[in-house]
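Colleague: The chain contents come next:
2 protein chains.
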Amino acid sequence: MPLETIRWNERGWIELIDQTLLPNELKYIACRTVEEVWEAIKTLRVRGAPAIGIAGALGVVLGIWRSEARSYDEFKAELDRVADYLATSRPTAVNLFWALDRMREAAERNKDKPIPELKKLLLKEALDIIEEDKRICRAIGRNGARLLPDECTVLTHCNAGGLATADYGTALGVIYAAVEMGKRIKVFADETRPLLQGARLTAWELMQGGIEVTLICDNTAAYVMKQGLVDCVIVGADRIAANGDTANKIGTYNLAVLAKEHGIPFYVAAPSSTFDLTLESGDQIPIEERSPEEVTCPFGRRIAPEGVKVYNPAFDVTPARLITAIITEKGVIRQPLHENIPKILNACP
Amino acid sequence: MPLETIRWNERGWIELIDQTLLPNELKYIACRTVEEVWEAIKTLRVRGAPAIGIAGALGVVLGIWRSEARSYDEFKAELDRVADYLATSRPTAVNLFWALDRMREAAERNKDKPIPELKKLLLKEALDIIEEDKRICRAIGRNGARLLPDECTVLTHCNAGGLATADYGTALGVIYAAVEMGKRIKVFADETRPLLQGARLTAWELMQGGIEVTLICDNTAAYVMKQGLVDCVIVGADRIAANGDTANKIGTYNLAVLAKEHGIPFYVAAPSSTFDLTLESGDQIPIEERSPEEVTCPFGRRIAPEGVKVYNPAFDVTPARLITAIITEKGVIRQPLHENIPKILNACP
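Order-wise, the sequence lines are chains A and B.
When we follow the working numbering, the leftmost residue of the first sequence carries the number 171, and every step to the right adds one.
When we follow the working numbering, the leftmost residue of the second sequence carries the number 171, and every step to the right adds one.
Just so you know, the hints here were simulated from the structure itself, not pulled from any lab data.
Check each hint, because a few of them may be wrong.
Put simply, identical chains are the same to the list, so a pair is met inside one copy or across any two.
[What the hints assert, rightly or not] Derived DSS-like pairs (lysine-lysine); straight-line CA-CA distance at most 25 Å:
{"hint": "1", "residue 1": "Lys353", "residue 2": "Lys500"}
{"hint": "2", "residue 1": "Lys396", "residue 2": "Lys430"}
{"hint": "3", "residue 1": "Lys353", "residue 2": "Lys281"}
{"hint": "4", "residue 1": "Lys500", "residue 2": "Lys294"}
{"hint": "5", "residue 1": "Lys304", "residue 2": "Lys479"}
{"hint": "6", "residue 1": "Lys479", "residue 2": "Lys396"}
{"hint": "7", "residue 1": "Lys353", "residue 2": "Lys396"}
{"hint": "8", "residue 1": "Lys353", "residue 2": "Lys283"}
These figures come from a predicted structure and were not determined experimentally.
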């Protein structure tokens, strides 16, 4: 039974796994205020595009749960303030904005309801997002698993696993589904500097699931591919533009270039909520730059000279041409991506 | 005045900068036994192919300095034991074996000398290697600096600087020489997991030299190149086969693939002692695998699950076809490398 990354506590707050403590400690922490949710997203206690979306939706519920607004307009103004504030936590993953918009729309759709009922409907909307994510990730997993040979070694980057979603994962969901189909899958996990989500989260999660995983430093992926040890690369995504350009954890573009050089398929696994069709290309995706201390002082230990200049973008953009296919819950989107993205995303349901 | 990485103390031992303490502390430690030299090489207190060669040569002197052998044969047997032992410290960089062989040959050449004189001649041989390294690195620097435009940003990996040689560096020697010629050079330094020689040593050394350096995680190099921020890549080498295939710090091959993808020149800077012409290709270079703890417990802090499988090769091999040119003290070796390597190396000194 997979772990829940984030959940609503019936007493009126959010509980989430504090992922900064993994793999040394598995601990749920409470977020009782919107500020605590914002901080949890900002500091990556909860991370991964779909999980951030869920945190945003539940954060909106938390923000309006004790509202004393007496009119819809007053209530909606409060909700908008909460959503606008949560939207400032992290800029790149679009799922956060998607989830916040969905909460706004749910409120609008039910504007005639009494406010106590509206609150419950908003909670239901957020819980629906969680349940949908569970179903969507399993569909992504099934769609992707069919692409893998019966015996296969996958290289993945960062964590696009259960910890990045409600409970199952996108890139790792494909691996879980393949294993459930009886395929023999091994994994190389990039450690993913600076915050080591591959070492701390992916390796831990796969070991929990009994899947053979080998941890490597990010700079070792090329040599592993050159030795013929990798059959495909599967990564998650934080935002996908209309042409298929994909923002994901820094280092993803690196892997895509290497996969091309070695003739290895490069797959992106993501729910349809990760697409931002308002952006023509990846050039328009805002890339978050994070603190130099993530690089120079990992876990409180200084490993670079005082005052050194650091460039620490949290994401990069992989151009569509390097992506073999994008695996979504609605189907596998193949090249040419810019033509096939609308076809698959607009397909029923 | 550059720092000396390693030196002979007139009282009969070796002093070297303990590079595991940098950048937090600049400290010379004493190696008073051959075992201490072996340990210093093994644990990377002294590292970098040319500096390891120097440590090997001085280690041989240390090993025979207090010899009480009464015949040359007895003395040579002691020397061979010391050299054979030191040769087991690290397998990939050829400069160690080159320097040890040179010490053996110096003994053979002087076998008729009284043993006290022989000891002094061996010390002189080791000190000659140091002085030659200083001249060679400056020649590499001059030869390489001519390749750089007047204004240029260089990406480098690991540390091929003064700390990897007697005092000036190979890849960083090119940068120092270019700056001495009045060129305006900026540097991106890969941090170089797992042991962070880029963050700890290269960033420190360049800052000491007043050269503008920006530290990045290894997985960020691709994105930096894609943004057009890098004009060339320059790295060192641990062993170069007859066809030009080059073993260097893990992650070097990655950069070579990326440089090709982005149309950026990729240079290797190394002394002629780094060539191993007995090897036809890089496939024959032994690649050192190091402890999983370097990856899972950097500096004593566990960042991956207990028991996780780790693949930690210390080097990779970059195929000759990805190398624009190899910069040596004897000249710049251009493509086709397999043809031009013997031409340049066999040219008059």
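Colleague: Now look at each hint and say whether the structure bears it out.
Modeller: The hints, checked one at a time:
1. Lys353 <-> Lys500: within (22 Å within a copy, 55 Å between copies)
2. Lys396 <-> Lys430: Answer is both; intra-copy 12 Å and inter-copy 15 Å each pass.
3. Lys353 <-> Lys281: neither (49 Å within a copy, 67 Å between copies)
4. Lys500 <-> Lys294: within (24 Å within a copy, 74 Å between copies)
5. Lys304 <-> Lys479: Neither. Shortest intra-copy (42 Å) and inter-copy (29 Å) distances fail the 25 Å Cα cut-off.
6. Lys479 <-> Lys396: between (33 Å within a copy, 20 Å between copies)
7. Lys353 <-> Lys396: within (24 Å within a copy, 37 Å between copies)
8. Lys353 <-> Lys283: neither (50 Å within a copy, 71 Å between copies)
Going down the numbered hints, you'll see the structure goes against 3, 5, 8, while the others check out.
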